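Chemist: Below are the chains, spelled out letter by letter.
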Amino acid sequence: MTTLLEMREITKEFPGVKALDRVSLSVAQGEIHAICGENGAGKSTLMKVLSGIYPAGSYDGEIYYDGALAQFKTLSDSEDRGIVIIHQELALVPQLSIAENIFLGNERAKAGVMQWQETYGRTEALLAKVGLRDNPGTLVDSIGVGKQQLVEIAKALSKDVKLLILDEPTAALQENDSRKLLDLMLGLKAQGVTCIIISHKLNEVRYVADTVTVIRDGMAVSRLDARKGLEEDQIVRDMVGRDMSARYPERERHAGDIVMQVDDWNVWHPDHAERQVIHNISMNVRAGEVVGIAGLMGSGRTELAMSIFGKSWGRAISGQVKLHGRPADLSQVDRAIDAGLAYVTEDRKSLGLVLDETIRFNTTLAHLEGVSTKGVLAEARETEVAERYRQALRTRTPSVMQQVGNLSGGNQQKVVLAKWLFTEPEVLILDEPTRGIDVGAKYEIYSIINDLSAQGKGVIMISSEMPELLGMCDRIYVMNEGAFVGELPAAEASQERIMSLIVNE
Amino acid sequence: MPSSEPTETGLKSYLKAHMREYGLLFALIAIMVFFQIVTGGTLMRPVNITNLFLQNSFIIIMALGMLIVIVSGNIDLSVGSVMGFIGAFSAVMIVEWNMPIAVTIPVALVMGGLIGAAQGYWVAYWKIPSFIVTLAGMLVFRGASLWLLQGQSVGPFPGGFQLLSTGFVPDILPRDATSGIAAALGSRNFNVLAMGVGVAAAATIVWLGLRDRARNAAYGIVGEPVKFFWARNAIVLGALLFLAFKLATFRGLPNVLVTMGVLIVIYSFVTQNTVIGRRIYALGGNEKAAKLSGIKTERLTFLAFVNMGVLAALAGLIYAARLNTATPKAGFALELDVIAAVFIGGASMSGGSGKIVGAVVGAFIMGVMNNGMSIMGIGIDYQQIIKGLVLLAAVIFDVYNKQKQG
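Chains A and B, in that order, give the protein sequences.
Note that the first sequence ends on residue 505 in my numbering; no numbers are left out.
Note that the second sequence ends on residue 406 in my numbering; no numbers are left out.
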């Protein structure tokens, strides 16, 4: 079997981070090659290098494609050679029809005039190939995510694709849609199309893949032949088996009474009425306890947190939340705050901070009552509060009048924490509290979390980094596809156990 | 006491960071000096200064509400029409229905609030872009005033109503008592109240500024360099005292100036020093973050429009009183002057920034240019072109500054 693609010793660095470290990948003609790895392992970066999104020259190493050295400068360079990448977030224009989307940028036109018959005719042929029977004139907006995924593949086929790359194609799909998609991949393989699938769902990998490459921390750690039968344990160990080099501050573990109890929580998608996103979740947090929620991206962790916090996400929310044993009214954000809940958002820039404003402005924003009398702000008190939290959290800034947009990620996160600490919550939900911040700042954030638990607050920590959860939490809920699939006390938890709960559903 | 005088580079960087605020002040001064010279001194005659206030009062009053709407991340294109409609409505009430003024004014203000509420409802709770909702409002209320007035002018108003716009606050001292000062100054009279208010306002501004500096210093916050503080205050004080003197030597304090002054103080206070003001900036700066901080963003947006409606109604009353008649054309295209004033004053199109003082200065820049160019006899054609270019220049200046900082 000939080799279609060979990536040799690819190294890609971002300021301060080595995203890829001498990664080699070899894909044979006509096979389905799976790339597995945790979030942030470097899978998507590798594909961006391949497709020219990171142009030749911005990385070290060589790419041989179809027998020759390839140096793609842009995405269209690689597309011209038959490499098509379909991203997790679909690149379709919802307001255009299926046919218009498929030929977007590649319009069937003569002298600038659209040839609609040809466009529609060819679209129908392409849709038949991917097993869709929708009218080419249907707006993409009005078909489900599963079908949209197929439209993307039809679009790829319209470009005479030789190497099709699917980046977590089933992340947003229901069970039967996923199966259809995987069958389609096998069908394409039979027609000679080579596929790379990025996935961490091992059942899917086992179903379609011929070869598996596992990437961890920017390095290719193993290459397995799936045709000889896959050892799932082996893959899981390879995916998570990094050293616990990051350190976590010590904490005295002493869980008190239950502060927050969630029962039978169900949430539906705000836009897609038929899609249930959170299924029957029940959980609790004790005073002084740090509880983790582990799960992959898209498993519904953020949706769970936001739906509890003032019904900020989703619709038709049902279930009950009790605080200190009494039913709590969390129906709006301000009520949730009054009830003693705080939610530190995952995306601090777009959801957590007003970037153009000062540290002081942001620190007091969720609890302006605390720095005002009869609706009039007491500037001195406000400065005092901001200053107090700046010192307590060791936010590095010349003054609290600094714009938060100018701070580093770690310091921005401290401002967000300060904002929520000032509301004096009983329970804090931290959504990816250390994402995108450096190791030193992470340690400081961990220390702050430990201080909170020492004060008897309940902490819920959502994180994609399993070592972090294992290092910090007393108990870990494992979440997958909107439901809890397991609950592990810290003593029994390990990365392997969490991963196998996720992949085995 | 050791002084913490910043170094030369500190001064420079401070000036850079606050280029906009100083630039605005200097632009106003430069424009006034320019027109003072080219009009041969007419611009700053007491009667013209008084006129400047009377002519621009309704724009400034609406700019206060517009600033809040724009800071919240919206826009209101309907204010000119609403203002015209309320003028027409009050004219019909007073002239045709013989309602007393004491009833008409509150009813008109409530009506303005209702109009604002009707528009704000769609913007806030249905998330319909304010541009579209208020564009519709602009057409609806322009049509409504035509319908209400049957295409005719309605007037004149009884004398009491006109005082709203053209009246002056009576002096605290009888004229005889001040005739000596007037004679010494070579003017016909001297209004002690106007001068007194000017001095009091100047003193208050300095006192507030010093108090602020002291508080900042207590927390180690580096504020405005001391030189800048005094230079800026000297200019503002000089201008205030100069204006007060001019007013004093004419007919004193116009009623409308008092209304306007009180409103400016209230709105500055509300936007800068209250919880609700703070929340409006947060809403405009990052709506999602504001919402997740427990701020009722919908209600705030709604209230911003209600407030705008009330102020547009007040402006409509003042305008009608000034013309002494309500015409179907009243307020036509005025929303553009109001919006221009707010943007010249430094507000950002995307919301979250802008100050009341800026909007007021912006309105005066527009007002002085209108007035000066009219005195010079420049045609309306050129006037429009020049005003348009000034607006563009102001915004380009803003963007340029931001890029240089970023």
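For the record, the hints were derived by calculation from the structure and aren't laboratory data.
Every value quoted in this text rests on a predicted model; they were computed, and no experiment measured them.
Glycine is no exception: its CB is placed at the ideal position from the N, C-alpha and C atoms.
Among the hints, erroneous ones may be present.
[As the list claims (entries may be wrong)] A few chain A positions that, by computed beta-carbon distances, are all more than 10 Å from chain B:
(1) TYR54
(2) LEU90
(3) TYR120
(4) ASP134
(5) ASP160
(6) ALA255
(7) LEU365
(8) GLY375
(9) ALA380
(10) LYS442
(11) GLY471
(12) VAL485
[To be verified] Now the in silico label distances, taken between C-beta atoms and shown as ranges:
(13) GLU384/A x GLN403/B: 33 to 39 Å
(14) ALA214/B x TYR443/A: 36 to 42 Å
(15) LEU210/B x GLY57/A: 58 to 64 Å
[To be verified] Think about it this way: if two alpha-carbon atoms lie no more than 30 Å apart in a straight line, the pair counts; the simulated BS3-like pairs of lysine-lysine are:
(16) LYS329/B x LYS349/A
(17) LYS374/A x LYS402/B
(18) LYS288/B x LYS442/A
(19) LYS322/A x LYS228/A
(20) LYS159/A x LYS228/A
(21) LYS374/A x LYS296/B
(22) LYS311/A x LYS291/B
(23) LYS355/B x LYS189/A
(24) LYS442/A x LYS291/B
(25) LYS322/A x LYS288/B
(26) LYS227/B x LYS189/A
(27) LYS311/A x LYS355/B
(28) LYS322/A x LYS402/B
(29) LYS296/B x LYS349/A
(30) LYS355/B x LYS322/A
(31) LYS227/B x LYS349/A
(32) LYS349/A x LYS402/B
(33) LYS402/B x LYS311/A
(34) LYS387/B x LYS349/A
(35) LYS288/B x LYS311/A
Chemist: Next step is simple, just say for each hint if it's right about the structure.
Modeler: Hints versus structure:
1. TYR54: 25 Å, holds
2. LEU90: Nearest chain B Cβ is 23 Å from LEU90/A, so the label holds.
3. TYR120: 34 Å, holds
4. ASP134: 30 Å, holds
5. ASP160: Holds, because the least Cβ-Cβ distance between ASP160/A and chain B comes to about 42 Å, which exceeds 10 Å.
6. ALA255: 28 Å, holds
7. LEU365: 5 Å, violated
8. GLY375: 5 Å, violated
9. ALA380: Non-interface label on ALA380/A violated, nearest chain B Cβ at 6 Å vs cutoff 10 Å.
10. LYS442: 23 Å, holds
11. GLY471: The assertion about GLY471/A holds, with a minimum of 28 Å to chain B.
12. VAL485: 28 Å, holds
13. GLU384/A x GLN403/B: 33 to 39 Å: Between GLU384/A and GLN403/B, where Cβ atoms are some 35 Å apart, the hint holds.
14. ALA214/B x TYR443/A: 36 to 42 Å: 39 Å, holds
15. LEU210/B x GLY57/A: 58 to 64 Å: Once the Cβ atoms are compared, 59 Å apart, the range 58 to 64 Å for GLY57/A and LEU210/B holds.
16. LYS329/B x LYS349/A: 47 Å, violated
17. LYS374/A x LYS402/B: 36 Å, violated
18. LYS288/B x LYS442/A: 25 Å, holds
19. LYS322/A x LYS228/A: 52 Å, violated
20. LYS159/A x LYS228/A: 33 Å, violated
21. LYS374/A x LYS296/B: 18 Å, holds
22. LYS311/A x LYS291/B: Roughly 11 Å between the alpha carbons, so the hint for LYS311/A and LYS291/B holds.
23. LYS355/B x LYS189/A: Cα-Cα ~63 Å, so violated.
24. LYS442/A x LYS291/B: It holds: about 27 Å lies between the C-alpha atoms, which stays within 30 Å.
25. LYS322/A x LYS288/B: Cα-Cα ~26 Å, so holds.
26. LYS227/B x LYS189/A: Not satisfied, since the Cα-Cα distance of roughly 76 Å exceeds 30 Å.
27. LYS311/A x LYS355/B: 34 Å, violated
28. LYS322/A x LYS402/B: Outside the cut-off at roughly 48 Å; violated.
29. LYS296/B x LYS349/A: This hinted pair holds, its Cα atoms lying about 20 Å apart.
30. LYS355/B x LYS322/A: 44 Å, violated
31. LYS227/B x LYS349/A: 37 Å, violated
32. LYS349/A x LYS402/B: Given that 30 Å is the threshold and the Cα spacing comes to 19 Å, the pair holds.
33. LYS402/B x LYS311/A: 37 Å, violated
34. LYS387/B x LYS349/A: Between LYS387/B and LYS349/A the Cα gap is close to 38 Å, so the pair fails against 30 Å, i.e. violated.
35. LYS288/B x LYS311/A: Distance ~13 Å between LYS288/B and LYS311/A Cα, so the pair holds.
The earlier numbered hints that this structure contradicts are 7, 8, 9, 16, 17, 19, 20, 23, 26, 27, 28, 30, 31, 33 and 34.
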